[in-house]
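**Q** What follows is the residue order along each chain.
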Amino acid sequence: MTQPIIQLSGLDKFYGNFQALSQVDLDIKTGEFFSLLGPSGCGKTTLLRSIAGFETPSAGSLYIDGQSMDGVPANKRPTNMVFQSYAIFPHMSVAENVAYGLKARKLPKAEIKTRVTDAIAMVGLQGFGERASHGLSGGQRQRVALARALVLKPRVLLLDEPLSALDKKLREQMQSELRQLQRAVGITFVLVTHDQEEALTMSDRIAVMFDGTIAQVATPQDLYGQPCSRRVANFIGMMNFLDAKILSTSGETVDVDVQSFGKLTLPLGQATGGLEGCDAVGVRPEMLTILTGSQTAEREIEAVVSEVFYYGDMTYYDVRLPFKEESVTITMRNTAGRSILGVGEKARVGWSASSLLLLK
Amino acid sequence: MTWFQKWRRGEGAQGLFLISPTLAFTLLLLAVPLVMVIVLSFWTQDYLTLHRTFSLENYRTAWTEPMYQYLMARSLKISMLVTAMTVLLAYPVAYFISFRVSPKRKAMWIFLITIPFWTSYLMRIFLWKVILGYNGVVNGSLMGLGVIEQPLSFILYNQNAVVLTLAHAWVPFAILPIFVALERVDRSLIEAAEDLGDTKWRRFLRVTLPLSMPGVIAATIIVFIPTIGDYVTPRLVGGPNGLMIANMIELQFKKANDAPLGAALAISAMIIVTCVALIFIWLNKKYIREAK
Amino acid sequence: MLRKGHIFKWYIGIFLVFLYAPAILLPVFAFNDSSIVSFPLKGFTTKWFAVLQTNETLHVAVGNSLMIAVTTALFSTLFGVLAARASTRFVFPARRSIMGFIMLPMVLPEIIIGVSLLVVIIQMGFELSLWSIILGHILICTPFCIAILSSAFMNLDQSLEEASFDLGQTRWNTFWLVIIPLVMPGIVASLLIAFTISLDEFIIAFFLAGTEPTLPVYIWGQLRFPAKLPSLMALGTILLVLSISLLLVADYFRRRGIRKTGIENTGGFL
Ligand SMILES: Nc1ncnc2c1ncn2[C@@H]1O[C@H](COP(=O)(O)OP(=O)(O)O)[C@@H](O)[C@H]1O
Ligand SMILES: [Mg+2]
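Sequence lines, in order, name chains A, B and C.
With my numbering as the guide, the letters of the first sequence map in order to residues 1 to 360.
With my numbering as the guide, the letters of the second sequence map in order to residues 361 to 652.
With my numbering as the guide, the letters of the third sequence map in order to residues 653 to 922.
Next comes chain A alone, as it looks inside the complex (with noise of 0.2 Å):
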């Protein structure tokens, strides 16, 4: 296996008394577009600023490329970033701004020229390059600022929130133009987001970040599939979660008592995050299904609707299952011929054991 591009290792960053980074270990594959995720403040752009080389670590180690980054000032290291506010200098041109990095390398003058109208057509903006940046679209300034870091043929590109100023529709297309640009140039790609449906789309893998710390590293299937704790499981997707007591453990099995559905045995390969201090079952509310006329099921548990939510494609039905406050979401696909229960209906709610996360 080929070494990581970005390693990382008990990474601290403390800003006075707070800390916005512990201990993080982290290794970035070359080549992948990595994601880091996680709700606002949880200290993404920070780590983010460590490997650019804006912000100093206080404490832990940052290798890119197998060197390390202690005492590396920005100017010289090999990633490049796009900023969440693009950081278009606002007094050049679109190709001048593309030129910028270029010319601080001293390259001849037509090789400069050359590599800029390149990157200005990579990122579709073919004949732009006269053009003033000021009073740019935001979806143009993304591209100048996308062009301006990667004509410098960086091993990482650091993209802090890119995508998080522009409106929807530009922002769905831009998210796939983005993946499809990674492709293209091979280049590492570190994207901060606080989007979940954005990282699940554009990455081959995402780290989930909570309160400076990374809770979970993983592809995207498995990050949503098998999720490492309640938190992780409830900041990717809707989960269910149910209570749940260990009674005991036998080799590659694990017996609980589960409420509602009552004693189970599950393999310990369902403990995603270990079995140490889990107290819950969780399941996603498409693993859920309502039963109907003489549909069967693995496993089937009585159940009165509460709530039913349309939304054409599909129905989500809040339902309430005996022996348990809170009620429970299931998603049904709307499918030809099956009729929409009302609110007070009995149902049979289908299971299987196998779709059961024991988590934290």
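Some clues are possibly wrong.
Straight-line distance between alpha carbons at most 35 Å, and here's what the computed DSBU-like set of lysine-lysine pairs gives [stated by the list, open to error]:
1. K661/C x K437/B
2. K661/C x K645/B
3. K694/C x K489/B
4. K169/A x K464/B
5. K168/A x K29/A
6. K661/C x K466/B
7. K645/B x K464/B
8. K880/C x K614/B
9. K245/A x K263/A
10. K661/C x K646/B
11. K466/B x K489/B
12. K113/A x K103/A
If the Cβ cut is set under 7 Å, some of the chain A residues that face chain C in the computed set are [what the hints assert, rightly or not]:
13. F54
14. A74
15. N75
16. N80
17. M81
18. F83
19. S85
20. A87
21. H91
22. Y100
23. G101
24. A104
25. R105
Hints listed in this document are in silico derivations from the structure and should not be mistaken for laboratory results.
From the three backbone atoms N, C-alpha and C, an ideal C-beta is built for every residue, glycine too.
Keeping the supplied structure of chain A fixed, place chains B and C with the ligands upon it in accordance with the hints.
**A** Chains B and C with the ligands only, in chain A's frame:
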């Protein structure tokens, strides 16, 4: 890395390094000279010989001689009158620009207010002499209109003329801070007060005025402290009864050749003015706290 | 209701007359064909401007004042740039007290500054010269420059600086390639304001003038002679037109800067 190297790289050191030339200049040309003036005020001088022994003689003279006492009191009175007049003149204008002028026009109005200020300082004062003089504009117009038969003589070469001229000179400096404070007043607060059924006038007294008080205080300080040091206006339009302490300070330093006494007078004036300003600020804080 | 609004407008009108009275009289007397500055007016003439052209002492004073004003503008803007940059970008120990101290000359009576500089220069055994006036003028202009430049530096997005550094440029080059061009309008405005203040400053100049007069010191001397007054009015008119033009230029640059950095215009600095 030692702590020193870390500190040297840190923000604090860079900031101090950048500010140091300006700070050094100000220290050298403001702090050091002020200290020297203080030292000088404790020395004595007869004619051309300076006695460098500590003495309170100058302060005794400055604080007990009736002439100086009188001059100081008059200066203080004039400065206060100027400040009061300036702020009273300025407030409605600042209010007008902030609340009645459309946002696009505000910058233009501020410009309009400041233009006359760029007339040469000396000429401006001199022209007030022309306006207020025995054969001046005011008397000429009033006699032409038949309002008066004889030219008015109480309008020039007295304290009224000094107050008027100084107020004219300082009014833009008072309008600006009041305007800035009024701009900061949250418009929704005023609407809320209206919503609660306050009349316009009560709304102004209970919401707008207290909220704009910081601007009024700034204006007061900006006008009050420097006016005590003006010696040109009293000289040109004040006549013998309109002279102020600054004229005496100037006299001591230049013609009378008693710099130590001049220094003591200058320092005494500064102390008095600062105390009055501090008391004013304190009273205001109390007023604002009670209004809440 | 309507009446109240009227009273307000009347007040503003009268206030403007009061404010503009001297400024309007200045050109009126400058073009008045009479050797006494008083009403009634006699007729139109430009001879008072012609008188100015042949006045040697005046020319010397103007030369001195220009030299002082230009030097003052350069130095106080330089000090202003350093202080404004330091106070807007860096957090350093005792920042507020240091800035307060540097801004102090703004509220200090000018006579105090004049007196204290005079004392130092005499006590140190230096001669009074144009340089003593320059030092005093830098001292009083620097706070104004800082006020203007601080807003220019504050409008600067810090990520622009970081972007430049991130793209491989050194801090020094970043300062010249990014920061200075973007605060340039503020610098121009600062230069013009300092120049204008210095050109018109009398109190300090009067205290510190040695044998060479500045323009205001010259004017002060002439005010005693009634015969010289009409030509002084002409001189004042020229100065007024000059000041206003400079201010308009300064304001133009400030606006351009605002447009460039894309920040909402929130009123004039004047
Ligand atoms: N320069 C700073 N000084 C003090 N606290 C800071 C500074 N920068 C960030 N913080 C704090 O660190 C925490 C993490 O900030 P940040 O990394 O910007 O979060 P995110 O990007 O995830 O929203 C926040 O609570 C923020 O208030
Ligand atoms: Mg952030």
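**Q** Looking at the structure, which of the earlier hints fail to hold?
**A** Of the numbered hints, all hold.
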